[in-house]
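Novice: Sequence:
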Amino acid sequence: MQETQTVHQITGLLLGTAVGDAIGLAREGLAPKRASCLFGNQIQHSLIVTPWGRAGLCSDDTEHAAMVAQSLLSGYQNADDFSRQLASRLRRWFLTLPAGLGMATLKACSKLCLGISPAKSGIHSAGNGAAMRAPVIGWFFADNPVTMREIVRAATIITHTDPWAEEGAWVIAMAARQAREQQPQAPIDNFFADIMPSLNGQQLVSQLQLAQQKLQQQAELSDYLLALQLEKKGITGYINNTVPAVIYAWLRYYGSYEQTISALIHAGGDTDTTAAIAGALAGIQLGEAGIPAQWLAGVKEWPMSIDYLRKLSSALATSKHHPEQSITLRQPSYLPILGRNLLFFCIIMLHGFRRLLPPY
Numbered sequence: 277m278q279e280t281q282t283v284h285q286i287t288g289l290l291l292g293t294a295v296g297d298a299i300g301l302a303r304e305g306l307a308p309k310r311a312s313c314l315f316g317n318q319i320q321h322s323l324i325v326t327p328w329g330r331a332g333l334c335s336d337d338t339e340h341a342a343m344v345a346q347s348l349l350s351g352y353q354n355a356d357d358f359s360r361q362l363a364s365r366l367r368r369w370f371l372t373l374p375a376g377l378g379m380a381t382l383k384a385c386s387k388l389c390l391g392i393s394p395a396k397s398g399i400h401s402a403g404n405g406a407a408m409r410a411p412v413i414g415w416f417f418a419d420n421p422v423t424m425r426e427i428v429r430a431a432t433i434i435t436h437t438d439p440w441a442e443e444g445a446w447v448i449a450m451a452a453r454q455a456r457e458q459q460p461q462a463p464i465d466n467f468f469a470d471i472m473p474s475l476n477g478q479q480l481v482s483q484l485q486l487a488q489q490k491l492q493q494q495a496e497l498s499d500y501l502l503a504l505q506l507e508k509k510g511i512t513g514y515i516n517n518t519v520p521a522v523i524y525a526w527l528r529y530y531g532s533y534e535q536t537i538s539a540l541i542h543a544g545g546d547t548d549t550t551a552a553i554a555g556a557l558a559g560i561q562l563g564e565a566g567i568p569a570q571w572l573a574g575v576k577e578w579p580m581s582i583d584y585l586r587k588l589s590s591a592l593a594t595s596k597h598h599p600e601q602s603i604t605l606r607q608p609s610y611l612p613i614l615g616r617n618l619l620f621f622c623i624i625m626l627h628g629f630r631r632l633l634p635p636y
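Be aware that the sequence shown starts at 277, since it is given in my numbering, and climbs by one per residue.
Do not take every clue at face value.
[What the hints assert, rightly or not] Using 25 Å as the maximum straight-line C-alpha spacing, the simulated PhoX-like pairs for lysine-lysine come out as follows:
1. 576 to 596
2. 508 to 490
3. 509 to 490
[Said to hold, decoys possible] What follows is a list of derived Cβ distance ranges for each label pair:
4. 632 to 599: 49 to 55 Å
5. 486 to 578: 25 to 31 Å
6. 600 to 626: 34 to 40 Å
7. 599 to 469: 27 to 33 Å
8. 610 to 379: 37 to 43 Å
9. 383 to 565: 24 to 30 Å
10. 623 to 570: 44 to 50 Å
11. 570 to 600: 39 to 45 Å
Hints listed in this document are in silico derivations from the structure and should not be mistaken for laboratory results.
Because the structure is a prediction, the values reported are computed rather than measured.
Don't be surprised by glycine CBs; every beta carbon is placed ideally from N, CA and C.
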C-alpha cells in the first residue's frame, strides 16, 4: 500500500472516530424516544447550540484512540513495550481529570497511578472501553494478525480483564483490518468467515450469527436491535451489545459514513462510543472526504484538535512505512488539557441539566 493511501486511511479512522464521538455525545445514555423528543430526528451537533451555530466536543472515545496511536508512534517493540507506553499515557490522561470515564477505566487508571503494573491494573468488567481502542490496532497490524491479537490483549487487560471484553475488542480490530481492504461491496460473508471460528463467547457468537442472517436479508439496524430487545433503551455499554450493533451498522450501511452514524445515534444508548467505533471503521474505507463536511467543521476541539489528529495520522503513517525512522510529534501540554477538561465538565453538567427539562 502506498504511503498516501495509508495516510488517507488512518486520517479517516481518527477523524471518523472524533466526529462520531462528538455528534453522538449529546444523546449519550438516552433512550431513542427521549432523544428524539429532545433533539429531533435530524442528526447534527447538539452539545453546544448558540444563535451562531452548533458545535460538538470529543470524549474519552477519541482520546483513547489517540493514545493508542501515540503509543504506536513512540516505537512499538513488543506487547510489553506497547503496554508500558499506553499505561504512561493513561496515567497522564487520568491526571487531567477527564469527565465521563467508565467505572472500570477509572479504577484501572487509579491503580496505574499507584504504580501497579499494566498487566495487573485491569478490572473484571465486560464494558466497551477496550473496543474503542481496537480500530487503530486492527488497522496498524492488519498484515500481522498474530501480533494484532497480542496487542489487542495488552490494550484490553490494562483496564478490562473479562475475556468477553478482549474478544469483543478483537472483533472490532478484525473489522478495521477488513475495512483496510476498501472493498467496493460490504464484505459480509468474508468478515464473518474470518472471525466466527475463533470466537468462544456463546452470547457474542449467537448475536453475530443473527447479524449475518439479518444482513443477508438487508434488514435495517432497528430491526436487528428489535430482535436483540434493545429497541427501547438503546445499545448499552456492555461489550456484547456494543460490538454486534457496531458491526451491523458498519456492514449494513457500508460506504456511507452519514448513514452508519445516523443509524447508531437514532438507536440510542451509548451513542458516543458506538458512533465513534463505527466512525473509525467507515473512516478507514472512506477517508476524510467521506465524512460530512458540516459534521467535521462542527468539532471544536482544543488542544487535541482536528488539525492535531491530522498530524498524528500523518506521523503514524510515516512510522508504519519507515519503521527505521524516529518519528516524533509533540503531545498537547498538560495544563491546556486540564483547563479544557474543566470547561468540558461544566458544559456536560449544563447539558445534563438541560436533558432533564421538557419536552417529554
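Novice: Quick one: are residue 610 and residue 379 within 37 to 43 Å, going by C-beta?
Specialist: Between residue 610 and residue 379, where Cβ atoms are some 24 Å apart, the hint is violated.
Novice: Straight-line Cα separation of residue 509 and residue 490 no greater than 25 Å?
Specialist: holds, 21 Å
Novice: Can you tell me whether the CB distance of residue 486 to residue 578 sits inside 25 to 31 Å?
Specialist: Cβ of residue 486 to Cβ of residue 578: about 42 Å, so the range 25 to 31 Å is violated.
Novice: Verify the CB-CB distance for residue 600 and residue 626 against the hinted window 34 to 40 Å.
Specialist: The hinted range 34 to 40 Å is violated for residue 600 and residue 626, with Cβ atoms some 50 Å apart.
Novice: When you check the alpha-carbon spacing of residue 576 and residue 596, does it fall within 25 Å?
Specialist: violated, 29 Å
Novice: Falls inside 39 to 45 Å, the C-beta gap from residue 570 to residue 600?
Specialist: holds, 41 Å
Novice: Could one say that the CB atoms of residue 383 and residue 565 fall in the range 24 to 30 Å?
Specialist: Once the Cβ atoms are compared, 40 Å apart, the range 24 to 30 Å for residue 565 and residue 383 is violated.
Novice: Taking the Cβ atom of residue 632 and the Cβ atom of residue 599, is their distance within the range 49 to 55 Å?
Specialist: holds, 52 Å
Novice: Take the C-beta atom of residue 599 and the C-beta atom of residue 469, compute their distance, and say whether it sits inside 27 to 33 Å.
Specialist: holds, 31 Å
Novice: Starting from the hint 44 to 50 Å, judge whether the C-beta atoms of residue 623 and residue 570 obey it.
Specialist: violated, 20 Å
Novice: Is residue 508 close enough to residue 490, meaning Cα to Cα at most 25 Å?
Specialist: holds, 19 Å
The structure fails to meet hints 1, 5, 6, 8, 9 and 10 from the earlier list, while all remaining hints are met.
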